[in-house]
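Residue numbers (the numbering used here), protein chains in the order written: chain W, 1 to 178; chain P, 1001 to 1426.
Source of the hints: derived by calculation from the structure; they are not laboratory data. A hint or two may mislead.
As the list claims (entries may be wrong) - Subject to a maximum C-alpha distance of 16 Å in a straight line, what follows is the list of computed EDC-like cross-link-like pairs (lysine to aspartate or glutamate):
id, chain 1, residue 1, chain 2, residue 2
1, W, 146, P, 1224
2, P, 1332, P, 1321
3, P, 1071, W, 113
4, P, 1071, P, 1130
As the list claims (entries may be wrong) - Now the stretches of chain W that chain P is said to cover, found in silico as 3 or more residues with beta-carbon under 8 Å:
id, region
5, 40-46
6, 90-98
7, 114-121
8, 152-160
This one's a predicted model, so the numbers in the text were calculated from it and none came from an experiment. A virtual CB, placed ideally from N, CA and C, is assigned to each residue, including glycine.
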Amino acid sequence: MLHLLTSEQWRQHLAYAGMSALVAWHTLAMVIAPSPESDITKVARSLVQPYLTLFWLDHNWSFFAPGVENGSQFRYIVEDAAGKRHTFIPADKLSRFHPTSIWMRDRYIAVMESPQTYGDATAASLCREHASLNPIAITLIEIEQKDYWPAHRLSGKQPLDPEFVNVNTLKTVPCPEK
Amino acid sequence: MTSASLAQSALAALSAAWSRVWFQDKPIAPLEISRMGIGAALLFHYGMATPYLFTFWGDSGWLPRELLAEKITDPWMQSVFFYFTAPWQWTAFHVVFLFCSAAFMLGWRTSWVKWLVLTGHISYSSRNSDMTYGVHAIVSSLLLILCFAPIGRAMSLDRVREVRFAKLNDLKAHPAAFSSPWACACTRLMQIQMAVLFFFSATYKLKGQDWWEGNAVWKVFVADDYYNGTLLNLLASQYWMVNVATYTTVLIEIAFPFLIWQRSTRPYLLAAAIFLHLQFAVLLNLYFFSFVMIMGHMSFLRPEWLSRLGVAWKQRMGGMEMIYDGTCGFCKRSMAWFLAFDGLRQIQIRDFRTNPSSVVNDQKMQRALYTVLPNGRALPGFEAYRYVVPRVPGLWWLMPFFYTPMLSRFFGHPIYNWIAANRSRL
């Protein structure tokens, strides 16, 4: 029967087949990307992985999940030539209404998670930023939040009070001499 | 019935069901709303990052090229920034990307601009993946579907151009509204994307103790990134609100992928999802994320809802008849341009040379264009346009020119009068 089709009908059938293949493929990719690993998804993932990576589709959509992590705050200390230490909290300068604030926070998270990778570059830029203080070293610090519950709030305590945080010194990096 | 004919009828039924799900003839309007919103979000988001272009994505910024080489091990992760060598290339690319985002939002040359926007967004994301979060993947997902889709055929400058071209030949021409099976397929893809996203977002939450025990919302607001002192004071004394908010979030997310498809439940689920995202925007300051998600949800708008909205708007605004001089070439060209923005076809037109009006005499008509209102009142020249502009959504962008206090009328009247007096020479 196929040989009875006109060229226009052939074109329509091919277009329909192509469109069907594309929607099936993309739907498969959308479902596989967030799926947990299993024998089935492993095979499918190996098939769609290049597509997911190339088009930046690979995300598991686990927002604030499975658990909500306790927060953390990035700080740094500038030690000047006179030995005085100046503490800075960059997040305090960010406006939550400005779209770049979320990028800045992501940057701080990256530094806290991988100080060995990003510490030197970050400290170098901070040395430049605070050149007027004549810095000799920058110490990068992570304030790691601990559990904080309504009872603490009702007793007037704050989430960043010393009893609710761990202070982790990430790295101390000397500033280049002028 | 033989097994062969059984198989044949089963295959036919399957094929019909497949076509019904994916390839019905549907208008593109819901995806055009997503296009405009996502274009605006990208323009704002990346536009505001302009002062940090080299810090965020440059070789001397947060992720120098030597570190990048360590991080990017998958050859499928690509960015045009990987191939740049001189600072001007970053600047030029950023300017072109912002221009394309604006064009994408407005629907100008959409058929190729959309691919440049997708390429740009992926390039920024891949160049510094440490700075990306969920919304960047959502934007990529929605953009790719919009790239597949035949967008730019409604609510766009491309559509304006098409209508204007038709009206240059005949001012009463109305090119048919675009609809196609492929528009339906791409709308369906975006709907599935949103449903999948909600489904996995909910199921991952259910695996966590914070969500299961109803404490998650408290923990979110305690975290330094989302700290909200006033809200914490309230929640600490009324902790049941934390439980309700936590369980409601999960409930909406788990119900959405199952109940959004039914005609009767879709309005409620859509409203709930939008409400959820408005909460994220207001309480967590996740404006970009929330706005993009809401734009994704626009794919669930039923075309008939939009039609009803259009009809209601037309009824509320009332009829408008613009009377023009059909012997004046400039008048016809400018009417074609003006009417091309009237997507809802609210404006009626009359050429007073061939069809004289009983409301405005020919002597007056030779001096200016008129708009006649339903109550018979006639507004001349600048005032005629001024009346129409806020009542026709496609012309809202002209509002600053017609409604700037004092200035619009001060300059508008003489400019219009000069053009009207010299129209035969234009």
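Distance restraint between residue 1071 of chain P and residue 113 of chain W, which requires alpha-carbon spacing of 16 Å or less
holds, 14 Å
Within a Cα-Cα threshold of 16 Å, do residue 1071 of chain P and residue 1130 of chain P meet the stated pairing?
holds, 10 Å
Would you check chain P against the region 90-98 of chain W, counting CB to CB pairs closer than 8 Å, and say if three or more residues qualify?
holds (count 4)
Between the alpha carbons of residue 1332 of chain P and residue 1321 of chain P, is the straight-line distance 16 Å or under?
holds, 15 Å
Proximity test - 8 Å, beta-carbon atoms, the region 114-121 of chain W to chain P, at least three hits:
holds (count 3)
Does residue 1224 of chain P sit within 16 Å of residue 146 of chain W, going by the straight-line distance between their CA atoms?
This hinted pair holds, its Cα atoms lying about 11 Å apart.
Three residues or more, CB to CB closer than 8 Å: is that satisfied between the region 40-46 of chain W and chain P?
violated (count 0)
Count the residues of the region 152-160 of chain W with a beta-carbon closer than 8 Å to any beta-carbon of chain P: does the count reach three?
Answer holds; 4 residues pass the 8 Å Cβ test.
The structure shown violates just one earlier hint, number 5.
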